[in-house]
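Engineer: Protein chains in written order, with my numbering: chain A, 57 to 412; chain B, 3 to 1006.
Honestly, the hints are just simulated from the structure, not real lab data.
Be aware that a few hints might be false.
Stated by the list, open to error - Once the Cα atoms are required to be at most 25 Å apart in a straight line, the calculated PhoX-like pairs of lysine-lysine come out as:
#, chain 1, residue 1, chain 2, residue 2
1, A, Lys269, A, Lys293
2, A, Lys293, B, Lys827
3, B, Lys508, B, Lys329
4, A, Lys329, B, Lys772
Letter by letter, the chains look like this.
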Amino acid sequence: MALWVDKYRPRELTKLDFHKEQAENLRNLCKQSDFPHLMFYGPSGAGKKTRIMCLLREMYGAGVERLRSETMTFTTPSNRKVEVMTVSSNYHLEVNPSDAGMYDRTVVIDLIKQVAQTHQIEINGQREFKVIVISEGDELTKDAQHALRRTMEKYVATCRIIMSVNSTSRIIPAIRSRCLGIRVAAPSEAEMTAILQSTCKREGLALPVELAKRVVDKSERNLRRALLMLEAAKVAKSPFTAQQEVPDLDWQVFLRETASQIISEQTPAKLEKIRDRLYELLTQGVPPNLIFRGLVEHLVSNCDMSIKAKTLELATEYEHRMQNGAKHIFHLEAFVAQFMSIYKKFMSELLMTDDF
Amino acid sequence: MNQYPDEDEEFELQYQDELELLEDVPHEYDAYDGPSTSRQAAAKQTKAVKDASRFENSTLGSPQLSQITFGSTQIENDDGGGGAGGGPVNRRLFGTPKGPPVGRGCSTPFQRMPAIQEMDATLPTSNGFKETEAVPLLNAAAQQLQELGTRGVNKRRLERDLFGDIDDLFHETYEDPLVKKARTEEQRDNEAIQRIVELRRKKQESTKTIRKDDVSRLKALLDFQRKNLSYEIPNWPFLPIQRSDLERIYVRFHSEEYEKRQLDLISARGAVVGSLLGEAKEKVWQEANELVLRRLAPDTQPAIAAPSTAVTAETGRLWVDKYKPRKYIDLLSDEMTNRSLLYWLKMWDKVVFGKPFHSKQEQEAVTGGGGGPAGGGGGGGANTQLNSFNKRTGKFESNGGWRQRKARQALNTNVDAMGRPMQKVALLCGPPGLGKTTLAHTIARHAGYNVREINASDDRSPEAFKLALENGTQMSSVLNADKRPNCIVLDEIDGAPRQSIEYLVKFVNDDVHSKAKAKGAKSEHNVLRRPIICICNDIYDPALRPLRQIAFVVTFPPIDAARLAERLGKIAQKEQLKTNFGSLITLAEKSGNDVRSCISSMQFFNAQKQSLTLQDVLNNNLGQKDRHQSLFTVWDSIFRIQRPKKQLQTDTNGTGDEPALVTMTNMSVATRVRNVMDVVHSSGDYERLTQGVYENYLQQKMPDPNFTGVCEALNWFCFTDILQQQIGRQQNYSIYPYLPYGFVVWHLLFATLAWPKISFPTRGFEFTQKSTTQRNIFQALRKGVTPSAVGVGHGRILLLDTVPMLKRILSPQLRSVTVKLLSPKELQDLNHTIEVMLDLGVTFVQVKSLEGHYVFQPEPDLDVLIAFPGFPGLTVSYFGRQLLAREVALARIRRAAPKEGEPSAVAAASAAKKQAAKTAATSHLPNHLQTLKPKPISASNVRSSAPKQQLTKDFFGRVTHKTSTAKQIDEAKTDAIVKSPIWYRYKEGFNNAVRKDVHLHELL
């Protein structure tokens, strides 16, 4: 537990740094003997997982922190082996079914159902049910979600499901209605700055306010990212200075460069170079929707007002199509080409009007 | 250049089956139609007669046939069967009011002679010109007839054409000259005498006078027969009839006008003759027609076979077979290929024939002798054809100038110790229809081998294959007079099971040791002493890989279209098919230079209308097969506008009479669309094609300033992708037909007239491969992360947020000094880095880089993960990495150590106080930590229980009595053991506890 994100992670509900009221509510929830299925939703780095772990600790005591990780192998109906990593304690099981990709239904059926069916071993434990934590729940395919809904109802006596999702929009309504939704909003900038300051204080470092602000800015109110950035900055230059460089995420920089290349030149040759860069991003595992988003953000911020709306419209259209397709590169490139087209047209029109 | 079989040879081929039947006189086709046919006839006789009577019963002589033909067979059947019902009808039909029941007597073999005689006589009467009724012939007339017959014998082919092998049709009323010829001279004399007697009798019976024009009428009759009857597929329209012995007869099919004309002619003649035909004839004709109509409806028509099957059933006469090359010189395939294969085969001469293989020059001489031993074995005449290359050798050599500059590329001309060529198997490969099988057979025969073919129709399971191989290479036929050595031709080997091919490879490499050889009589194992030729279509079949490596691979280049057309022209000439060279070339091109398909098409056209024009070729879909087109061909036709080529103008009127126009294709959009659709359709692998277009379209030259074309194309890519995804996910193939339209759009957008530069699409494949590697590295990283390190996130977050930062966090600035010399800050950094690395399960390992020097590489390789060109990975120096690797390893040991080191340290110190202190210490610990500890077995507990344990047992459970001092020691020991953590954790693995010295006398 050397990384600051782990080292200074609050382990009890009482020690949470923000959303304290919500934490109190959660404590009250635990005091009752029972609680419904939960769905924590909120942006990445807001502390969903932290809250889930705190909640579990509140319920089961410190025993939940004795974690072991296992790799489980499932065989899909089409005879493919799928590996899924689980982290579990005696009281809970944490699984990320999206590891299995499109075979997550198998995981839901095999693993979750099986765990849900078995009773708690320790009769004299605090609770008669186990908890299954599903992280990245919004990555579950529709099939898997449908497989889950009956499990959630049927085995409610022996198991609770806590889902951690970024957005409820991708959760089918059936599951949404079965869960108690708990929104974990991203911390405010002030809260984040406070946390960064306190972290540095515990590390024995002085954090200039300006630097803290820049880190917070850069991290997009993602606390995990902010802490990691701060730690990386510390490795780069130990006593912090106000003008110190805050490290960036490589892929974001790469994406930004790609966007500026699109703006700079609109030719088929350039389009091909862009394609190489897009391939590079996809190869490295950057999800295509993030690529879309990154591109659009930079493109829109760099183009004229008149074509912003059109760009966004195109982006939505192509991203939607991409969800129905399998080859993301086609859709990404199609969007880039469309943008190049309208941008070029706009530029030539601009030149025309300038001439007259 | 007489490349084609002359009439004799062709004739021989035609009746090859019968030839084989005649084992006593093998290969002697000259003598063939004598005794054999008569014997055959005798054997078939009874059956035929039975059939005839059955005929009569079922159809009453099938007058409907009589109606439409003037042929003789039907009438003969009627008469031959002595038909009470059919006979009269026919006779009436043809205006023979009263005929003697001629064929009635021929129901048994014994009565055959007279029957034939009668037939001799009645033949002209009944089926000639109908005014006659059993015309009594004069001696002179009969002799004339015979003369005609013998003349026919001299021209055997014609005669066969005329009459065929119809001696078994003796119950029919016309004479078969072959049968006649078959008789011996005495017989013939006897017959003549008998006939004279008979005819005299008839003459007396008859009141008629002999007309002077009888002889000329007989000639006319023969002409008529020649024109109207055939045993082969004739040139004129015909109706096939299956005789009872499954022999086919083709009867000319005349138009109604012709029929009328003939009838008129007859009636006219009848008028001349005087009496019989006239009004009566009309009446008879009407009656007959009525009868016919009545019969037509209910009856099945056993006598008539469907015309279509008639054509196909005549396999023996397929042109493909008819014009199959029989000699080396006839081969149409590439000369170089032929020569190299022959050369290879000749290299076997030393082993097979025991004669040295000298050089290319001497090769021809050897070729001549190659057949020598073989020719000695067979009958002299029998091998005429096979050995005919002897005659041709001279011709062969005369045009052999090119041999000098021949390059046998793949052929290893070296021989092994036994004189065999190094490559012991030849592998012919090429697309179908080029004559690979023909080449193999021809060349093997040419070189003096007996060909044994194993093809896909044979059982090719490994066992059967093994047997066939061994039989083929180690034995020779005993029964066959032909003592030539075998040459195995493994046809269509690409379909053989892999095991079989593996066996073949082993066999060829002389690796197969026969088990029967253990006796030592023949100590050396079986070696391959016969050449093996394999034939395949697809040389890159995975199963053929082992074979490909050891074989002499002969790839068949496509036949030159002009050369093929030339050969086709010769065939056309021979078959009197009207055509021209241009259309033949087109035919050849259209079929993709497939010889077989071309010849078949020609035969088809010949059967249709005896001419082959360019229109026919273009208009018909003949000879077009689903040729495998390479992906590049398809991409090429997508990115290139086809140059105009010859095309048939389809006339919209639909009237087939006016000559269709041969025009050039225009380059209109419609044509292009159709073309692209055709090409893409025939290829079918849409996904790969799409990828190919995608990776190449941006390289094409396009005047597209506004990106509209590119956008359009990309929209279609997206659409194709979505379609494919839907098909793949839902197995919804109903939307499959929409896939090829994308190619049309891309073609219209990007195609130019210039030659496109197309590269094979590799990006997609590389992308998937690289992604997989990345994913694997990432999975390794995830597995290494300790479960307590929750903060690094799961899945995507770990990859996107944590890893890029980790690279920086794990890059402390360390000077290249030992740990002890590091500054406190550096030390702190180092420790922090080490801890992080431990948490995440990352370490550095030393690997040899591609350049050969050693580098420390993170394991799992963070340098590669989320790495983009132009961005640094871990910026730790070599020294730093080395240091970190060492320190991490140490830390890992240290981290593992305290768990057992702590209690052992406690146990090493003396007992009670510390134990108490420890329990006190543990009580301070929070609950969750306490459970982590081993169950505290307090020493006091142990000790208190120890005194009670009076009976101590040794390992094997025997009770041991110990002295008190020993007990003390034991107690002390148990103390130590109890306290020692080893006791606690000692539960698995290799156990040495049972080790004890046991002497042999103790056991005895």
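Engineer: Would you pick out the hints that fail for this structure and give their numbers low to high?
Structural biologist: Of the numbered hints, just 3 does not hold.
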